[in-house]
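Keeping the supplied structure of chain A fixed, place chains B and C upon it in accordance with the hints.
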Amino acid sequence: MTTQTLTERPARSTLFDGLTRYVPIGATVALLIALYLGGVANYPNFDSPQVVAKLFIDNAPLLVIAVGMTFVILSGGIDLSVGSVMAFSTMACAWLTVDAGIPAPAALVMVLAFGTLWGLAIGAVIHYFNVQPFIATLVGLFLFRGLTLQINSEDVSMREIEFWQWGMTHVDFGEIRDGGFWLPYLSFVAFAVVIVAFVTLHYTRFGRGVYAVGGSESSALLMGLPVARTKIGVYAVSGFCAALAGVLAAFATKSANPLANVGAELDAIAAVVIGGTLLTGGAGFVLGTVAGVMVWGMLNTLIAFQGNLSSWWARIVMGILLLAFILLQRVLARSGEKRRT
Amino acid sequence: MNYAKRLMWPLIILLALIVVNIVATGVDFIVPSVNEDGRLGGAFVNILRRSAPLLLIALGMTLVIATKGIDLSVGAVYAIGAAIACQTIIDAPDQTAAGLVFSAVAIALVVTAVIGAWNGVMVAYFGIQPIVATLILMIAGRGIAQLVTGGQIPKVQDSSPFTELGRGAFLAVPIPIWIAALVLTALALLTRRTALGMLLESVGGNPEASRLAGIRSKGITVLVYLVCALCAGLAGLIGAANLGSADANNGGLWIELDAILAVVIGGTALLGGRFFLLGTAIGVVIIGTLEDTIINVGLSSQWQFTAKAIVVFVVALLQSPEFRAWILKPIKRRPAAPAPAPAEEVQAK
Amino acid sequence: MPATAPPGAALVQMTGIVKDFTGVRALDGVDFTLRPGEIHAVMGENGAGKSTLIKVLTGVHGHDAGEILLDGEPVRFHSPKAAQAAGISTVYQEVNLTDNLSVAENLFAGREPRLGPFINFRAMRRKAKALLDDIGIDLNVAAPLSSYSIAMQQLVAIARAVDIESKVLILDEPTSSLDRDEVEVLLGVMRRLAADGTAMVFISHFLDQVYEISDRMTVLRNGTLVGEWATADLPQSELIGHMLGREAATLEQIERAASAHRVEDEEPLVEARGLGRKGSIAPYDLTVRRGEVVGLAGLLGSGRTETVRLIAGADRADSGALQFEGRRVGGHNSRTAAARGIAFCPENRKTEGLVGDLTVAENMILAMQASRGWARSIPVARRDKLVAEFIEKLGIRPADPDMPVKNLSGGNQQKVLLARWMLIEPKLLILDEPTRGIDVGAKADIQRLVAELSADGLSVLFVSAELDEVTRLSDRIAVLRDRELIAVLESEADMTTERIVDTIVAGGRES
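Chains as they are written, first to last, in the numbering used here: chain A, 1 to 341; chain B, 1001 to 1349; chain C, 2001 to 2511.
The shape of chain A in the complex, shown without the other chains:
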């Protein structure tokens, strides 16, 4: 029998601690709102709901790969292969349906299964052979760009196959003229991915395991968590998301370009970090990633509305934001950890 009870209030108040956790994502959302209001103030028609809807049309594939990347980065890894896997998946869709004549739904399933298997394989290499994720996924970056080019070094059109019309079929929410907007099916696919990812990360053992492994892999191992399954799992998720993004791109453009999505992995990483996920793993939110992708889309929209600015401004601003967020996270981490030196 114990006679006494020890009580400790958290070193920092829970309110403060909670707030600290939300500082990065809060900053992102504030930025997003500021960008939007800036657009509304400066450009006519910017306040049309379709402007916002368009973010989720143009960036649906990016959103999907960024969600996959969120899993990987939360676990403390990185996946450089997503841009190439995505381009390969689009090309594979075209090749399977146009050249090989396989029914489109079957082709779609094959492509998604392949992306997942690739993720499993590279995850196994990373975990069991202790190869740095950076290098292991670099293999994917080269390999799938090469394979894509080998399938076809030219654009392939999928317009002839009716199945690929499905993605851009849209649902109207009121008349655009009267302040309504529309969204295509593929945007809903992206939303579904976000919701599933959110639930998985926050409400399943696998999801909490991802956070635990990212927080401290050695601790997770000593706590008896299934570290191997978790680490391999996140790459499988990322591989699946990259393949799905490729399929969405096939729906959106109805064509496959072998040089599409060069650098998409960087956009995805930037969106994840700007969304408040720590690149060292263990902390972040998938909804933050959504905000990060929206910032990226909003920047591009603003540049398009301005008309005389080139798209590279978006990259520069993303770089500056990335810098700001990395420094912010560094400061928060320092204030949190006990002084060592």
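Fair warning: there could be bad hints in the mix.
Pairs of lysine-lysine, DSS-like flavour, derived with a Cα cap of 30 Å [as the list claims (entries may be wrong)]:
no.: 1; chain 1: B; residue 1: Lys1005; chain 2: C; residue 2: Lys2406
no.: 2; chain 1: B; residue 1: Lys1218; chain 2: C; residue 2: Lys2350
no.: 3; chain 1: C; residue 1: Lys2385; chain 2: B; residue 2: Lys1005
no.: 4; chain 1: C; residue 1: Lys2385; chain 2: C; residue 2: Lys2350
no.: 5; chain 1: B; residue 1: Lys1218; chain 2: C; residue 2: Lys2427
no.: 6; chain 1: C; residue 1: Lys2167; chain 2: C; residue 2: Lys2127
no.: 7; chain 1: B; residue 1: Lys1005; chain 2: B; residue 2: Lys1068
Computed, partial: chain C to chain B, Cβ under 8 Å [said to hold, decoys possible]:
no.: 8; residue: Arg2335
no.: 9; residue: Asp2357
no.: 10; residue: Leu2366
no.: 11; residue: Gln2369
FYI, nobody ran anything at the bench for these hints, they're computed from the structure. We put the CB at the ideal spot given by N, CA and C, even for glycine.
Chains B and C only, in chain A's frame:
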């Protein structure tokens, strides 16, 4: 010598590639020819000439990796260096002035050095992981290059002496090869004649022991990132001079990955410590030769990426102790005492 | 098999355990027996093999020979997870939880209560609250673990281990970051578990706690078993004797040439006044005179290393002042310390001392080169001469300056490290456990060297777990206990192993 042993594998791979090429295309592959204008030419000399920018970047990357770091921004820095030089030249009234070319090159190199110092400060003083610190410029750098060129691709007149940097020759040998050789020699001297090389290896091999031994590791780290960016800027100049233009989007695209690959092939481990500049140089030539080999053996040029992927994969696995143990297990197991049978059951979940 | 073995029968029986780490034998034929419901302390100095023994049992390391029986069945675990599944839970000294997750999540990670496939957070928080209440701690279980002190995190780790229904609970230095009240809570939990029949392995360097809670003790030294005793039958002084050992017979007597000169008259080289660092060593006063050897004695975890690291500039002090050669030292770090002539050979050769991939010669000149800066390389001829001189002087074998230092034996590595600092001709040489884990010959060489150096006027701060060594070499001995400097022994009569042991034991009674 340990050093010679480390270089043996890359050399064997290179020789094998050369032999394959000779079998495919004849002895002309390796023997330099003399063009009408008295310059050296031929397939292998061309490989060396084309590989010069990659070599410069890979050398800088070798030093960075020796300190347990990595620099992802070199491709972007390459584009920035090229953009600054070309834009400075086309903005001037007389593109053929030697003084102009000189100052354009100088401005480009100073800016890239500043970028490198920035990377180094982020890593050494702000304590940000190298991969993250340099990712920022990897993403934003090409935008900055486009800012310099105003989104255009600046084309330098063929008559400008700037193009000599990429196309010219001195004593019959192409200028890029001279520059690459000079930088290789200079870095080798800088690291091996001074104590810099040893201190780099010490910081990369055991940072804590280095601190306790009184080494100024922060200053050394900044210096290394600075040198790496300077090499990348110089590589950008050579590349731009060769083309006579600076393409901010595609100039030096993925060169950071090729450079890392060359460093790893050359025997420098990604975990820091011992580095081999000469090994890196051989690694670069291997990559250059590989690209030609693919064409020469009759594969389409699209195989390039696939071949590189295979090389990265094999090298990464060979460097993994876990993989080696796994591969050697069937061989090693036999003489060892058999493990008790129930053991395996306990492990199975 | 009966679920509960009869009293006295072994729950865990380890026999003849051997474990080699690339050339070093960490455990040499160790036996260990754990009975149901007992609290069994494993005692020994640093490097005695306690942690290795635990890690073999819990599946972190494999073993090279010997047998482990759990409930009479032979077992061999390949991962902590497998050991946990078999009923062996472990709480380590460093908190092995993930502090980015909440307290409740850490308690139930991997076995969260679920509704279908989803975690039932409400039930998890309720269960967490109940579990912590039961143990006697009151926390906000929804708050991130990182918002609590290390001590509280450690108690959470213990709560987690307790809740997993384990037959064996291993507590590896669980109290090192706990204060008095927290220790009481932990000991209370341990007593209750023992009453319920859980067997516990307890490792701690706090002798009071060991005597308060444990039923039996197993003592290890240098990877071998010294013996097993009932706690009641083994007085503290005897225990300390067993842990520290008396190897006098194996070592030749070192002639103290230095004893001829009177160091009491020399001026002080180092004066520490109230020097301390929160959480690592309480403020202390210490003086080292020129040509004097000051030994630091105390048990593992008593603050020996922490004391000298402050003087060496390896850690920053947060209180007090340090004077060197009569001048106050400001902005103290490893680099400025070396420039002043303070040399520091750290406790852990591999992780803090040597750069394994570099050669013997490179490791030797590292400090000298660091002080010159990278641009001024030491001329090859001079370097070769210096290196050859010290290889000869210290008897480093093999005498190959170009061999990677990681290929050398421990004793020779230690000599390389010593040579590194002798090259800069320091005024103060700080040696932290220079003779640990090395063979007897090298040990004698190093001891002789310390005696010679001090005779030449060099001051030495000497940390060692072996009391014989400390008493033989030192002019004065500072005794530490529980992260506090409790006494400085000066007179010849006081400087015996018995007197040091008495001081340590008495120091504990007073506090």
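Do the hints match the structure? See the list:
1. Restraint check for lysine 1005/B and lysine 2406/C: the C-alpha separation of about 18 Å stays at or below 30 Å, so the hint holds.
2. For the given pair, lysine 1218/B sits about 22 Å from lysine 2350/C by alpha-carbon distance, which is consistent with the 30 Å threshold.
3. The straight-line distance between the Cα atoms of lysine 2385/C and lysine 1005/B is roughly 27 Å, inside the 30 Å bound, and the hint therefore holds.
4. The suggested pairing of lysine 2385/C with lysine 2350/C holds, with an alpha-carbon distance near 26 Å, which does not exceed 30 Å.
5. About 27 Å separates the Cα atoms of lysine 1218/B and lysine 2427/C, which keeps this hinted pair within 30 Å; it holds.
6. For the hint pairing lysine 2167/C with lysine 2127/C, the CA-to-CA distance comes to about 21 Å; that is within 30 Å, so the pair holds.
7. With a CA separation close to 22 Å, the supplied pair lysine 1005/B and lysine 1068/B stays within the 30 Å bound.
8. With 8 Å as the threshold, the beta carbon of arginine 2335/C comes within range of chain B, its nearest partner Cβ sitting at about 4 Å, so the hint holds.
9. A distance limit of 8 Å between C-beta atoms decides the matter here; for aspartate 2357/C the minimum to chain B is near 5 Å, and the interface restraint holds.
10. The beta carbon of leucine 2366/C comes within 5 Å of a beta carbon in chain B, closer than 8 Å, and the hint placing it at the interface holds.
11. The beta carbon of glutamine 2369/C is positioned within 8 Å of a beta carbon in chain B (closest approach about 5 Å), and the interface hint is therefore held.
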